[in-house]
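K.L.:
Sequence:
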Amino acid sequence: MDRLIYTYKTTIDAPTKQVWDFFQDPLNLARIQRFPKVNIKESGSKEGSQIKMKIGYLGIGVNWHATIETVKKPHYFIDTAEKPPFPFTYWRHTHRFTVEDGKSVMIDEVEFAAKLPSTITNKLLTYMFQSREKQITEAFKEDSV
Numbered sequence: 054m055d056r057l058i059y060t061y062k063t064t065i066d067a068p069t070k071q072v073w074d075f076f077q078d079p080l081n082l083a084r085i086q087r088f089p090k091v092n093i094k095e096s097g098s099k100e101g102s103q104i105k106m107k108i109g110y111l112g113i114g115v116n117w118h119a120t121i122e123t124v125k126k127p128h129y130f131i132d133t134a135e136k137p138p139f140p141f142t143y144w145r146h147t148h149r150f151t152v153e154d155g156k157s158v159m160i161d162e163v164e165f166a167a168k169l170p171s172t173i174t175n176k177l178l179t180y181m182f183q184s185r186e187k188q189i190t191e192a193f194k195e196d197s198v
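Counting in my numbering, the sequence shown runs from 54 upward without gaps.
Honestly, the hints are just simulated from the structure, not real lab data.
Note that CB positions come from ideal geometry on N, CA and C, so glycine has one too.
Some hints could be false.
[Stated by the list, open to error] Label-pair ranges, simulated between beta-carbon atoms:
1) 155 - 188: 18 to 28 Å
2) 68 - 139: 32 to 42 Å
3) 155 - 92: 10 to 20 Å
4) 101 - 173: 30 to 40 Å
5) 88 - 60: 16 to 26 Å
6) 116 - 84: 30 to 40 Å
7) 156 - 113: 18 to 28 Å
8) 101 - 127: 32 to 42 Å
9) 125 - 172: 12 to 22 Å
10) 101 - 149: 17 to 27 Å
[As the list claims (entries may be wrong)] Straight line, CA to CA, 25 Å or less: simulated BS3-like cross-link-like pairs of lysine-lysine:
11) 107 - 136
12) 136 - 194
13) 62 - 126
14) 94 - 107
15) 126 - 168
16) 125 - 70
17) 126 - 70
18) 105 - 94
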């Protein structure tokens, strides 16, 4: 199966250090992820750390285990899934952080393979990241008060 790359860009009105620190805490994934819903069971943010989570998917709970492969503070970190749930057969996610026009920008780059056509997986990923973007905006509004 071919591997594809999906990219999503989120502008965050907060200092880069604050954004980096927020995304280094895997528990914040549960805070911002609405689709699919995530429950973190075990986590870490250093290279080699395991993140074990249960995601609400198709009405059932599915285990998802990822390993933090690379951390290059404050520029990017990469996680790779072990046996990602349907429809994915491969998942490698780079979280890249930059600054544009004085604002922090997070660029999510997902290299993946799936059992469904890219037209469907791209729609699923777009929905997931758009939902996540709304929650990120809310989280940073709450954290700045």
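K.L.:
Decide, hint by hint, whether the structure agrees.
P.N.:
Evaluation of the provided hints:
1. Checked against the given bound of 18 to 28 Å, the beta carbons of residue 155 and residue 188, roughly 23 Å apart, stay inside it.
2. At roughly 38 Å, the beta-carbon separation of residue 68 and residue 139 lies within the given 32 to 42 Å, and the hint holds.
3. Roughly 36 Å separates the CB atoms of residue 155 and residue 92, a value that falls outside the hinted 10 to 20 Å.
4. Distance hint check: the CB atoms of residue 101 and residue 173 are about 33 Å apart, consistent with the given range 30 to 40 Å.
5. Hint check: residue 88 to residue 60, Cβ distance near 19 Å, so the stated range 16 to 26 Å holds.
6. The hinted window of 30 to 40 Å between residue 116 and residue 84 is violated, with their beta carbons roughly 20 Å apart.
7. Distance hint check: the CB atoms of residue 156 and residue 113 are about 38 Å apart, inconsistent with the given range 18 to 28 Å.
8. Checked against the hint of 32 to 42 Å, the pair residue 101 and residue 127 fails, with Cβ atoms roughly 19 Å apart.
9. Separation of residue 125 from residue 172 is about 33 Å and departs from the stated range, judged on CB atoms against 12 to 22 Å.
10. Distance hint check: the CB atoms of residue 101 and residue 149 are about 20 Å apart, consistent with the given range 17 to 27 Å.
11. Taken as a hint, the residue 107 and residue 136 pair is honoured in the structure, with Cα atoms around 13 Å apart against an allowance of 25 Å.
12. With a C-alpha separation of about 35 Å, the suggested pair residue 136 and residue 194 falls outside the 25 Å cut-off, and the hint is violated.
13. Between residue 62 and residue 126 the alpha-carbon distance is near 19 Å, which keeps this suggested pair within the 25 Å criterion.
14. With a CA separation close to 7 Å, the supplied pair residue 94 and residue 107 stays within the 25 Å bound.
15. At roughly 34 Å between alpha-carbon atoms, residue 126 and residue 168 are farther apart than 25 Å, so this suggested pair is violated.
16. Of the pairs offered as hints, the one joining residue 125 and residue 70 holds, with about 13 Å between alpha carbons and a cut-off of 25 Å not exceeded.
17. At most 25 Å may separate the alpha-carbon atoms for a hinted pair to count; residue 126 and residue 70 meet this at roughly 10 Å.
18. Between residue 105 and residue 94 the CA atoms are separated by roughly 5 Å; this keeps the pair inside 25 Å, and the hint holds.
Figure legend: structure checked against the earlier numbered hints; hints not met, in rising order: 3, 6, 7, 8, 9, 12, 15.
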